[in-house]
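K.L.:
Chain by chain, the residues run as shown.
Number of protein chains: 2
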Amino acid sequence: MSRQNRVVRLKRRPVGMASRDDFEIADEPVPQPGEGEFLVRIDYVSLDPAMRGWISPGRSYVPPVEIGAPMRAFAAGYVEASNHPDFTVGDAVAGLLGVQRYAVSKGTRVAKVDPAQAPLPRWIGGLGMPGQTAYFGLLEIGRPKPGDTVVVSAASGAVGSLVGQIARNMGCRAVGIAGGPQKCRYVVEELGFDAAVDYKAGHLDADLAAACPDGIDVYFENVGGEIFDTVLGRMNLFGRIPVCGMISMYNATEPPAPIRNIRSILVNRLTVRGFIVFDFQDRIAEANEALGRWHAEGRLKMREDVRQGGIDAFPDVLNELYTGGNLGKLVLAL
Amino acid sequence: MSRQNRVVRLKRRPVGMASRDDFEIADEPVPQPGEGEFLVRIDYVSLDPAMRGWISPGRSYVPPVEIGAPMRAFAAGYVEASNHPDFTVGDAVAGLLGVQRYAVSKGTRVAKVDPAQAPLPRWIGGLGMPGQTAYFGLLEIGRPKPGDTVVVSAASGAVGSLVGQIARNMGCRAVGIAGGPQKCRYVVEELGFDAAVDYKAGHLDADLAAACPDGIDVYFENVGGEIFDTVLGRMNLFGRIPVCGMISMYNATEPPAPIRNIRSILVNRLTVRGFIVFDFQDRIAEANEALGRWHAEGRLKMREDVRQGGIDAFPDVLNELYTGGNLGKLVLAL
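Taken in sequence, the protein lines are chains A and B.
What the first sequence shows, in the working numbering, is residues 1 to 334, in sequence order.
What the second sequence shows, in the working numbering, is residues 335 to 668, in sequence order.
Careful, some of the hints might be misleading.
Pair by pair, the computed Cβ-Cβ distance ranges are [stated by the list, open to error]:
1) A:Ala-201 to B:Ala-586: 28 to 38 Å
2) B:Asn-503 to A:Arg-185: 52 to 62 Å
3) A:Arg-12 to B:Glu-620: 52 to 62 Å
4) B:Gly-659 to A:Pro-63: 43 to 53 Å
5) A:Ala-296 to B:Asn-503: 22 to 32 Å
6) B:Glu-631 to A:Ala-69: 50 to 60 Å
7) A:Glu-286 to B:Gly-481: 30 to 40 Å
8) A:Ala-69 to B:Gln-516: 47 to 57 Å
Listing some non-contacts, in silico: residues in chain A with all C-beta distances to chain B over 12 Å [claimed, not checked]:
9) Lys-11
10) Gly-239
11) Arg-283
Some chain A residues near chain B, calculated using beta-carbon distances under 8 Å [unchecked claim]:
12) Val-15
13) Met-17
14) Val-30
15) Tyr-78
16) Gly-180
17) Val-243
18) Met-246
19) Pro-258
20) Ile-259
21) Arg-260
22) Arg-263
23) Asn-268
24) Val-272
25) Asp-279
No lab work stands behind these hints, which were simulated from the structure alone.
Positions of the beta carbon are idealized from the N, C-alpha and C atoms, including for glycine.
All chains, full assembly: derive it from the sequences and hints.
P.N.:
This is the structure:
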């Protein structure tokens, strides 16, 4: 038996949308775990908006993926061999393992997960990094109070879908911004948001005003650009804007449009604060406990959009995030 | 003796820069204080950047000045008659009294001041609202730590000049952005900033980089527009941006330029927070104590740019704020 490890490596830094040519995808020998390490066979790879930033040259929240290095990714699978005291053959694990069939890990940013509690893809979705991101961003930075109106963009996505539901669990009015009627229906009918606004319909400001009759207290920002600008103009006094992502700008090759409502920060005394989940690294257990409990109680619905195609499909599936082709947490099955 | 009260009333809402024609300036009978009121003869009127917002129709931090109402302003003078238990004839007072020669007050947002401690114009300057603004914005929102680099725009202005000095008092590196070599010299040589950058010199980003070799931890925002954008690109991880004003945009009739570095909020996990001094209303005494102490110790230098010309000069003197014609706190002597 000739086991091979198929690996996606970064070949060059993309300009605009990443393409197949920006990556080298090839078979390599399966790596062997050294002392204190274990080998994971990966079954699912997570596609996250932050990936575009990870392969950009500019300073970003984490060092960029080096040219020639395996593409960074959250992934989930099973331990196949272990020289690590805390990980045993057969353990299900999830964490930063890369876009590859096999990964060797020392356990850094990898945790054991329970497949009986939720299927594996969910541990790199709502019960993983995206869930923790929604939890800390909304509760710590957004600080919603019961009765507040909470708006979230990319509302049908991995993070946004949870933000609205957690807001509902906190007694807030949850309004999602999503692209197209299907996603808007999903957000209201399946996830239980109070309202959804289709930014593609062409009258976002009026629709937002109708969906938020008492203005907006918290805006959980995932997209940037014109949506950010429009929401700024509808914020209430002392509103909070956790900035989690600005996905509309990640592949941009043109300068952004002017932000006409930037003065709203001053006039309404807003707090706009960028964050990433790693800023709350020492409190991850708290998020996991809450997310797991709400999930078990049926108060946090999660949907994964699992794509087949294996390792080689990675570049194309990644781009679906930026074109809005997915409904729910985008995951690649290997 | 026919005492008259000369009053500036708002005639219409200006488009772009305010002009003489936007105000009605006329003599009226001197008002008489009723029960619980006192009469002030005003000697100095403060010109503040916020005034342009006060006469705009849009929602702003305080209700706009009504058409036909006296122009809102901080002012200082002496009590001439009193039916108020806390104010006596001869008391020096400062507060929201309007652009007029005489004002009747119930004492709301008016306080007694000590002319022996500092001349009257200073009590509507560095020892008044602008001083309190610098104090709370820098310390509460900027949260500077010793060794931090603090940048402030409009650095020679009423608020900016104090922000840099308070930053120095806290053990920070203070860098001012100002327009032209004279203001830059003033900021460094008279106020003791560590460095100044002339935004009119045409290479702000490079000059800022040179003045801030360790990046920028706190940016006290007074101007908005391209300066805001440029500073955003030089902020350090977890930087703080108190947004006190965006004076470059107050008279704008065109949409603002794009903010190219808006993603810095996310990448550097910045906190951008708008505020006005009234948000700290219940802690004004704390600011006054600190400002008075630093001032008495010579650790807070203040300069007033007192203009003659009386009430009728108000519209022209106001506009000097927006064209950068003043050096120091702009005050109109009546």
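K.L.:
Find the hints from earlier in the document that the structure breaks and name them by number, from lowest to highest.
P.N.:
Numbers 5, 10, 12, 13, 14, 15 and 16 - these are the hints that the structure violates, sorted from lowest upward.
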